[in-house]
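Got chain C sorted already, so can you dock chain L onto it with the hints?
As you go down the protein sequences, you meet chains C and L in turn.
So for the first sequence, the working numbering puts the first residue at -7; every next one is plus one.
So for the second sequence, the working numbering puts the first residue at -7; every next one is plus one.
One or more of the hints may lead you astray.
Put simply, identical chains are the same to the list, so a pair is met inside one copy or across any two.
Stated by the list, open to error - Listed next, the in silico BS3-like pairs over lysine-lysine satisfying Cα-Cα at most 27 Å (straight line):
#1 LYS323 with LYS224
#2 LYS258 with LYS352
#3 LYS68 with LYS287
#4 LYS68 with LYS230
#5 LYS231 with LYS359
#6 LYS224 with LYS314
#7 LYS274 with LYS258
#8 LYS135 with LYS68
#9 LYS102 with LYS330
#10 LYS130 with LYS68
#11 LYS287 with LYS111
#12 LYS35 with LYS364
#13 LYS258 with LYS68
Bear in mind the hints are in silico, worked out from the structure with no lab data behind them.
Number of protein chains: 2
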Amino acid sequence: MNAAFRARWARSFSTSRLRSNRAIVYSQSGNPAEVLSAMTFPKLDPPRPSTVNVKFLLSAVNPADINVIEGVYPAKPQLVQGTGSEGVYIGGNEGLAIVTAVGEGVDSVKPNDWVISTKAQAGTWTAVKNISAEELLKIPNPKGLSEVHGATMTVNPPTAYNMLNEFVDLKPGDWVIQNGANSAVGQAAIQIAAAQGLKTINFVRNRDNIADLVQRLEALGANQVFTYDDLKDREFRKKIAALTGNAEIRLGLNCVGGPETTQMVKLLGNNAHLVSYGAMSKQPLSFPTSLFIFKNLTAHGFWQHGWYQQRSRADREDLMRKLVNLTSQGKLKEPEHKVVVIPTHESDEEATARIRDVFKTAQSHGKKILLKLESSS
Amino acid sequence: MNAAFRARWARSFSTSRLRSNRAIVYSQSGNPAEVLSAMTFPKLDPPRPSTVNVKFLLSAVNPADINVIEGVYPAKPQLVQGTGSEGVYIGGNEGLAIVTAVGEGVDSVKPNDWVISTKAQAGTWTAVKNISAEELLKIPNPKGLSEVHGATMTVNPPTAYNMLNEFVDLKPGDWVIQNGANSAVGQAAIQIAAAQGLKTINFVRNRDNIADLVQRLEALGANQVFTYDDLKDREFRKKIAALTGNAEIRLGLNCVGGPETTQMVKLLGNNAHLVSYGAMSKQPLSFPTSLFIFKNLTAHGFWQHGWYQQRSRADREDLMRKLVNLTSQGKLKEPEHKVVVIPTHESDEEATARIRDVFKTAQSHGKKILLKLESSS
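Okay, chain C solo, but in the shape it has when bound (with noise of 0.2 Å):
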């Protein structure tokens, strides 16, 4: 659509055209409330060859996805045409999408299949989108499976099943550690530790309604839920090794960082591992080197970014697949959400205002935000 043409056409729906490609998207980095817009594109051109069409169903807001628009995080988007001079970047990594189209010589997917990007920053805060067939894994047997569920498969649940089985070759039986427990990523250790047989040890944030927190953990399989309070009793190593039977716990999963990871790796047994893929507390990871040296501990980071990148499309199929069954199964539940619709008979800055008003509060929702970008075509 030319410039020309593009004023004429906004003319004459000026008040109520329906929008059938709106994305979120920033031109520059800093606050999302601030710097967030929804902006209408031209329709989409049919797919050129090796690339498809999709329609987004539900795409996730990830606190990553913040960090990347404020702009502290090291992957960044791809810049795109906007609708004026300037480029913009359209927000979100992760969501669910559905196949209208496919470009010649495509046969890994076809119409109506649901897929998802594993590419980084893929922009997927979008109704519609044109996407090279390479960087979409077609989702199998949906059966079972929710949109909710598919919109987000792709950073948590994996992240989540890579650090429980790429770093310690646990047995059922054994026990797994980890805290921010209610964190996405957490909730879904939990599940996937569950349905492998291993038990896991839960640390959350001490709060008020507690008692709820630790049933709903213990619902979804969390064998033990105890806050970082717990951890500065004296006498708390005993109860663990007493609760273990003086197991050696060799896997630990951090998402926190600061004085209360460090308490906890001392949990942790000989030979132990403690992966870390985020740190909540925004404090260093901080380790006696002893350790290190006598307990053998191995500290990594998981970036499940980087995971993508290093493997084979064999290697993310094989583990989507892993992933679907255990939600066919019921053993990965959707996570917590809240799905807010951008309707398409909303104007842009109707939109705009309804978007940045959710990321007014996006940090406190302790849901998963889900954008709905209604789509008419």
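Only chain L this time, still in chain C's reference frame:
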């Protein structure tokens, strides 16, 4: 000398009898300058089957020995029968011995072989000893090897060798970074790295005679030597990038801990490994979590004792052969050292005073102390 003769001989020298089997022992943990004693034991019996009698030529005093005596080290020495009613511990964990007699069934070593012990807390501060043949490793091809080489071969050079070779697959031309570069391990690492074609960036504490130290380390093969003060300079990373031609440094060796180590770790590239073998600053290791997640840092500890425990005799022999070869080729020099002789004519009281004196200033020598407990037999 037979027993009857020896008794007669001892009587005839009642005030100045020669001590043929003396060891440096302690019966309770504490400051070595207060708890160590020289103790004369009965002469060794001929070796039982599968054991060997050895005479120590030189025994090393390592920093860890002091920690063991202080009671703050995880590997504990074995209690041996003292000359009184109480058991005692023999100090020391490293030393070069010569085989004096072998028991029935021993074919791994023969008289006059140079041997070292691979057992933890071997109790090497002794003139003579009966040792299980299983824990002895023959030092092959002693041509070109000094007693000092042999007496310092078990702990520091293997630590350096294994840290350089077990964690990252380095190629000639690759860079390695380390702190505590003038420690015995650090000096071994410089030389072994140079022998393998690796380049080293070395950090040391600033001091009055820093130019001398830099010169000494460069003479060992250090490519670059800096002080921890240099790390504070904001432009320092650019300097390193210029020096290395922007090479990604993938291995860091640490024996310091604390903020200087955090700063050093930031010089490492993607997929790097940090291996810690000491904590001279007595401060914990502290890292931004982002280094683990986005640069895929892995942090390990290394303890040569653990390595010996996990590896086969063939592995241990292979390692020793490599180190001996490097030494024969002049690529692994004697550490700076000072030999403290405990002569046989001194009484246990005199020897005790001498050894306690050594430990009053042991930490400040800056040279490795080697004990030579003379034996008349």
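Q) Which numbered hints turn out to be false for this structure? A) Violated: hints 1, 2, 5, 6, 8, 9.
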